[in-house]
Structure formats: C-alpha cells, structure tokens
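Chains as they are written, first to last, in the numbering used here: chain A, 7 to 120; chain B, 74 to 187.
To be clear, the hints were calculated from the coordinates, so they are not data collected in a lab. Please note: incorrect hints may appear among the correct ones.
To be verified - DSSO-like cross-link-like pairs, simulated, lysine-lysine; straight-line CA separation at most 30 Å:
| id | chain 1 | residue 1 | chain 2 | residue 2 |
| --- | --- | --- | --- | --- |
| 1 | B | LYS169 | B | LYS146 |
| 2 | A | LYS20 | B | LYS143 |
| 3 | B | LYS128 | B | LYS146 |
| 4 | A | LYS108 | B | LYS169 |
| 5 | B | LYS128 | A | LYS108 |
| 6 | B | LYS169 | B | LYS143 |
| 7 | A | LYS108 | B | LYS143 |
| 8 | A | LYS108 | A | LYS20 |
| 9 | B | LYS169 | A | LYS20 |
| 10 | B | LYS169 | B | LYS151 |
| 11 | B | LYS151 | B | LYS128 |
| 12 | B | LYS169 | B | LYS128 |
| 13 | B | LYS143 | B | LYS128 |
To be verified - Far from chain A, by Cβ distances over 12 Å, these chain B residues were calculated:
| id | residue |
| --- | --- |
| 14 | GLU90 |
| 15 | GLN142 |
| 16 | SER153 |
| 17 | ALA166 |
| 18 | TYR176 |
| 19 | GLY178 |
Glycine is no exception: its CB is placed at the ideal position from the N, C-alpha and C atoms.
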Amino acid sequence: NAGVTQTPKFQVLKTGQSMTLQCAQDMNHEYMSWYRQDPGMGLRLIHYSVGAGITDQGEVPNGYNVSRSTTEDFPLRLLSAAPSQTSVYFCASGRKGGTNEKLFFGSGTQLSVL
Amino acid sequence: AQTVTQSQPEMSVQEAETVTLSCTYDTSENNYYLFWYKQPPSRQMILVIRQEAYKQQNATENRFSVNFQKAAKSFSLKISDSQLGDTAMYFCAFMKNTGNQFYFGTGTSLTVIP
Chain A
7 NAGVTQTPKF
17 QVLKTGQSMT
27 LQCAQDMNHE
37 YMSWYRQDPG
47 MGLRLIHYSV
57 GAGITDQGEV
67 PNGYNVSRST
77 TEDFPLRLLS
87 AAPSQTSVYF
97 CASGRKGGTN
107 EKLFFGSGTQ
117 LSVL
Chain B
74 AQTVTQSQPE
84 MSVQEAETVT
94 LSCTYDTSEN
104 NYYLFWYKQP
114 PSRQMILVIR
124 QEAYKQQNAT
134 ENRFSVNFQK
144 AAKSFSLKIS
154 DSQLGDTAMY
164 FCAFMKNTGN
174 QFYFGTGTSL
184 TVIP
C-alpha cells in the first residue's frame, strides 16, 4: 500500500519558470489537499479538493493552481515561480466525513526558487 | 476562522524524563477533532494522537497522552519516558467535524538530550 506519493522530492527553479508537483493516493480518499511549510509558520493550506471535479482555495492560494480530474491525483501547478514560493510542500489526503478522521501525508517536496 | 497556537517554539528534555507541549486553539465550533503530529528530521508527518471534542476522556497512546480542556480550549501533549527517537517537530492541529480542513499550529521543536 503506497499511501500518498509525491514527486519530485527536490526541485530547483528559476524565477518565472513553471512546474507541477504531483500527488497521488491509492486509498480512495475523497479529500486531498496541499500545504506549504515555512519556518516558524507551521503548515498552511494552499488548495483542497473534496472530490473529482471539485477544488477550493485554502489560506494561501495565490500563485498556485490545482485540478482534480480523478479521485487518485491532485497536482499542484506553479504558474510563474517566485522566490517567495521557496518552501516544503506536502500533499495530504483523507476520507470525507466519518468518525475516524486523520490526514495521510506524502513525504514532501523541497522547492527552491532562485 | 480557527486558529491554533503553540507558544513554545523550542523545548528540550532529558532522556527518560517527562515533557509537556502546550497547544491552545480558538473556535466557535462545538464538535471537532484535535491532533498532534510528529515530524522527525526525515520530514515525514506522523500522527501521534487524536482526540474527539465530544469525548471527555483524554486520549492515550503508549507513552503519549493529552490533557484536553474543552472550556479552556487547551490541548497539551505529555510525553513520558522520553526517548531519543522523540526528537522532532511537533504540530498541534484542529479539524472541524463538518469538514476535512486542518488548521496547524506553528510547531514546537523538541530535543531529547541523552
């Protein structure tokens, strides 16, 4: 059982470049989300999805796009990378509703924008 | 909006001793979940313990226990018999009962000293 798989683990971009962070889960979770982790700021929600075709903004959505065409995949797109987007990015998934809630996290992507 | 506050950026404890990490939160919700996640140097996010707000009994998982004070909106984590492997960043998190959005605190970096 692979759980939540994120790729790549590390990435260096130049300002203005675009890229997509991939996230896939094999647990049939309805809920998927992207967080960024910055020193002293904890994890902040970027975008989330409660099912295929449904996405919504979190706390810090600017500069990022998402789509959810399948239950399994939830890619995060940086349209024009900026140094302020240097961060560690986590994808997380979970069941929608229910009584045993928790988030399953990917292993993270360290992104540096020069 | 929900907020989660961890007022101790760094803490240390001697091996085999007990340490308590503090967390407070602000919400108008009555039903919700609270979590402690551990992030070791490997960067992986690991669920330590989970508490449902409607349960008065404090959750316990082996050496980890919580002190949940709903009226005070306080959710502290006690680690007993601290081990070197407990060295990590610890995040307190909140989730409403009606959704999957997690709100994280800024984290407490715990070092266990041999």
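A quick look at each hint next to the structure:
For the proposed pair B:LYS169 and B:LYS146, the alpha carbon gap of about 14 Å is at most 30 Å, so the pair holds. The straight-line distance between the Cα atoms of A:LYS20 and B:LYS143 is roughly 47 Å, outside the 30 Å bound, and the hint therefore fails. Simply put, B:LYS128 and B:LYS146 have alpha-carbon atoms about 14 Å apart, close enough for the 30 Å limit, and the pair holds. Using a Cα cut-off of 30 Å, the hinted pair A:LYS108 and B:LYS169 holds, with the two alpha carbons roughly 12 Å apart.
At roughly 17 Å between alpha-carbon atoms, B:LYS128 and A:LYS108 fall within 30 Å of each other, so this suggested pair holds. At most 30 Å may separate the alpha-carbon atoms for a hinted pair to count; B:LYS169 and B:LYS143 meet this at roughly 14 Å. Between the alpha carbons of A:LYS108 and B:LYS143 the distance comes to roughly 20 Å, so the proposed pair stays at or under 30 Å and holds. At roughly 35 Å between alpha-carbon atoms, A:LYS108 and A:LYS20 are farther apart than 30 Å, so this suggested pair is violated.
Restraint check for B:LYS169 and A:LYS20: not satisfied, since their Cα atoms lie roughly 38 Å apart, outside the 30 Å limit. A distance of roughly 23 Å separates the Cα atoms of B:LYS169 and B:LYS151; the hinted pair therefore holds under the 30 Å criterion. Among the hinted pairs, B:LYS151 with B:LYS128 is consistent with the structure: their alpha-carbon atoms are about 18 Å apart, no more than 30 Å. At most 30 Å may separate the alpha-carbon atoms for a hinted pair to count; B:LYS169 and B:LYS128 meet this at roughly 15 Å.
Restraint check for B:LYS143 and B:LYS128: the C-alpha separation of about 10 Å stays at or below 30 Å, so the hint holds. No Cβ of chain A comes within 12 Å of the Cβ of B:GLU90; the nearest lies about 26 Å off, and the non-interface call holds. With a least CB separation of 21 Å from chain A, B:GLN142 remains clear of the 12 Å interface cut-off, as annotated. For B:SER153, the shortest C-beta to C-beta distance to chain A comes to about 22 Å, beyond the 12 Å cut-off, and the non-interface label holds.
Non-interface call for B:ALA166 relative to chain A: violated, since the shortest CB-CB distance, roughly 8 Å, does not exceed 12 Å. The Cβ of B:TYR176 sits about 8 Å from the closest Cβ of chain A, inside the 12 Å cut-off, so the non-interface label is violated. Non-interface call for B:GLY178 relative to chain A: violated, since the shortest CB-CB distance, roughly 6 Å, does not exceed 12 Å.
Checked against the numbered hints above, the structure violates hints 2, 8, 9, 17, 18, 19; every other hint is satisfied.
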